[in-house]
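K.L.:
Could you slot chain B onto chain A? The hints should help.
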Amino acid sequence: MPPPDGEAIAEQVFVALADPSRRAILAALASGGPATATDLAVRLPITRQAIAKHLGLMAEAGLVTAEPGERRRVRYRLRSAPMQVAQQFLAALARDWDGPLGALKDHLDKGDD
Amino acid sequence: MAFPDRIERTVEIAHPPARVWAALTTAEGLSAWFGQQAGIDLRPGGSAWMKWDSGHTAYMRVERVEEPAVFGFTWHIFGLPEDDPRRTYVEFTLEPAGAGTRLTMVESGFSQLSEDAFRTAYDGNANGWVSELDELVGYLDAAA
Numbered sequence: 001m002p003p004p005d006g007e008a009i010a011e012q013v014f015v016a017l018a019d020p021s022r023r024a025i026l027a028a029l030a031s032g033g034p035a036t037a038t039d040l041a042v043r044l045p046i047t048r049q050a051i052a053k054h055l056g057l058m059a060e061a062g063l064v065t066a067e068p069g070e071r072r073r074v075r076y077r078l079r080s081a082p083m084q085v086a087q088q089f090l091a092a093l094a095r096d097w098d099g100p101l102g103a104l105k106d107h108l109d110k111g112d113d
Numbered sequence: 001m002a003f004p005d006r007i008e009r010t011v012e013i014a015h016p017p018a019r020v021w022a023a024l025t026t027a028e029g030l031s032a033w034f035g036q037q038a039g040i041d042l043r044p045g046g047s048a049w050m051k052w053d054s055g056h057t058a059y060m061r062v063e064r065v066e067e068p069a070v071f072g073f074t075w076h077i078f079g080l081p082e083d084d085p086r087r088t089y090v091e092f093t094l095e096p097a098g099a100g101t102r103l104t105m106v107e108s109g110f111s112q113l114s115e116d117a118f119r120t121a122y123d124g125n126a127n128g129w130v131s132e133l134d135e136l137v138g139y140l141d142a143a144a
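Protein sequence lines, in the order shown, are assigned to chains A and B.
Just so you know, we're using this note's numbering here: the first sequence kicks off at 1 and counts up by one.
Just so you know, we're using this note's numbering here: the second sequence kicks off at 1 and counts up by one.
No wet-lab data here; the hints were simulated from the structure.
Where a beta carbon is used, it is the ideal one built from N, C-alpha and C, also for glycine.
Any given hint could be a false lead.
[As the list claims (entries may be wrong)] Estimated spans, in silico, between C-beta atoms of each pair: (1) K51(B) with V42(A): 13 to 23 Å; (2) R72(A) with A58(B): 44 to 54 Å; (3) H107(A) with T57(B): 53 to 63 Å; (4) Q112(B) with A59(A): 19 to 29 Å; (5) D5(B) with G56(A): 42 to 52 Å.
Chain A extracted, bound-state conformation (with noise of 0.2 Å):
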């Protein structure tokens, strides 16, 4: 398989934001750094089944890896290369030019003054 452009690695980053528990999930790891899945339920308003397979998913999306260590004690954490991606796509829709330009013909025809 080929590896996904920019458009599919913001697409999964998207997807998980959309999703309240996910985002929960990324919040939390964001916020306080690795974490197991059994961390993450005494935290969250989620059970440990949910929230451990919300983070497969994640982790097999690239959006989380998970750390080296025995089962139940495997610590996820967040990566923050796809968020970096996503955010330069939100870039260009932040981005306001019909505002300034706006004021740039304002500006100008006040000068005429």
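P.N.:
Relative to chain A, chain B alone:
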């Protein structure tokens, strides 16, 4: 391609290119409509900046200066970390249109991504932080 690499806008302005050029390429002009404060060293390779009352500052590098037709600069991609090396290129083209100016703005490079960045995003160097922290620990241990 669902995600845009470039943003393009064309506006008709009822003033001649020389007036528009001054608004785009001088500190006085830029601070009147774009930033709240601005500075510019108008030559290829020169630096420019704009500052907003919100506290945000944008740093630009002037790339093309062809008065009064083409003005181009690169800047940091808004929203990416400060140390991210990726930049977008903004080019203003001014064409006379009757007594006024047709101004085209193209900002490109949003979907630029080096092979390295792809590889990192896909395979990942998940151990990046681990090894950096290990280096820090090693450094501190050595210094102790």
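K.L.:
Which hint numbers doesn't this structure obey?
P.N.:
Checked against the structure, the hints that fail are numbers 1, 3 and 5, while the rest are satisfied.
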